[in-house]
Amino acid sequence: AQSVTQLDSQVPVFEEAPVELRCNYSSSVSVYLFWYVQYPNQGLQLLLKYLSGSTLVESINGFEAEFNKSQTSFHLRKPSVHISDTAEYFCAVRNSGYALNFGKGTSLLVTP
Amino acid sequence: EAGVAQSPRYKIIEKRQSVAFWCNPISGHATLYWYQQILGQGPKLLIQFQNNGVVDDSQLPKDRFSAERLKGVDSTLKIQPAKLEDSAVYLCASSFQGAIDTQYFGPGTRLTVL
Numbered sequence: 086a087q088s089v090t091q092l093d094s095q096v097p098v099f100e101e102a103p104v105e106l107r108c109n110y111s112s113s114v115s116v117y118l119f120w121y122v123q124y125p126n127q128g129l130q131l132l133l134k135y136l137s138g139s140t141l142v143e144s145i146n147g148f149e150a151e152f153n154k155s156q157t158s159f160h161l162r163k164p165s166v167h168i169s170d171t172a173e174y175f176c177a178v179r180n181s182g183y184a185l186n187f188g189k190g191t192s193l194l195v196t197p
Numbered sequence: 129e130a131g132v133a134q135s136p137r138y139k140i141i142e143k144r145q146s147v148a149f150w151c152n153p154i155s156g157h158a159t160l161y162w163y164q165q166i167l168g169q170g171p172k173l174l175i176q177f178q179n180n181g182v183v184d185d186s187q188l189p190k191d192r193f194s195a196e197r198l199k200g201v202d203s204t205l206k207i208q209p210a211k212l213e214d215s216a217v218y219l220c221a222s223s224f225q226g227a228i229d230t231q232y233f234g235p236g237t238r239l240t241v242l
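Just so you know, the protein sequences line up as chains Z and X, in that order. For what it's worth, this note's numbering labels the leading residue of the first sequence as 86, then goes sequentially. For what it's worth, this note's numbering labels the leading residue of the second sequence as 129, then goes sequentially.
Chain Z with its partners taken away, still in its complex shape:
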C-alpha cells in the first residue's frame, strides 16, 4: 500500500525565516501527492497537490513543494513564514481506491 512518512513531528521557526517540512513516500509506478493544512479548531484544507507534469507545485499563499522521484520525497517549503502559518501540516498519498493515506503530521510553530 502507498504510504508517506513525515520526518519531523514539530518544527519551530522564527517569523520571516525559511522553513522546510519533510515528506517521503513509498515508491510506486505512479503517485499522486498532497499537502493539507489544519489550522487550530478547523478542518483540513488542501494546500497543494502533485498529479503529473511539472515537479514544482505552488500554493496561493507562498508554499511550494517539489516532487523528487529519485529521492521519493515531496518536501514542503516556504521562503519566509508568518505567524499565521502556525498549523498542523499533513502529507498524503492517494491510494489505489482514491482515498488518501496521511502521514502523522508536522506541527509548525512560528514565533516572533
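Errors might be hidden in some of the hints.
[Unchecked claim] Cross-link-like lysine-lysine pairs, in silico, BS3-like; alpha carbons within 27 Å at most:
#, chain 1, residue 1, chain 2, residue 2
1, X, 139, Z, 189
2, X, 206, Z, 189
3, X, 172, Z, 134
4, X, 190, Z, 189
5, Z, 154, Z, 189
Keep in mind that the hints were calculated from the coordinates and are not lab data.
Following the hints, position chain X against chain Z.
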C-alpha cells in the same frame, strides 16, 4: 458553494453507549469518505462510498462501527458500543468522482468517550 457539513461538532459519551455522526457532502459529489483522526496522528480512512455503494471499508471495525449513505447523498456513521479508544475526531470528506479530484473536508466531530 457550501462546504461539507457535519454534525454534531462535539460529543461526549460514556463507554458502551452509542453515538451517531452525520455528514452532508458538497452538492454533486459522488464520493464520500469517513476518516478517523486520533490525537497526534494523521487521519485514517474508515469507509469510502461511491454514490450509495461501499468502495472500501477494510479498516472499519465492523463489530462496532457501521455507516450508510442512503440515496447517495448524506451519510451517517454509527458506533455501538463505544470504547475509550474511539475518542477521536471523525472527519467527513467528499470529492466529485474520486481519482485526481480534490477531497474537501468538513470541520469534523470531536468524540470523547469517558
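Structure-based check of each hint:
1. X:139 <-> Z:189: Roughly 24 Å separates the two Cα atoms, so the pair holds.
2. X:206 <-> Z:189: 25 Å, holds
3. X:172 <-> Z:134: Judged against 27 Å, a Cα distance of about 19 Å means the pair holds.
4. X:190 <-> Z:189: 24 Å, holds
5. Z:154 <-> Z:189: This hinted pair holds, its Cα atoms lying about 21 Å apart.
Violated hints for the displayed structure: none, as all numbered hints are satisfied.
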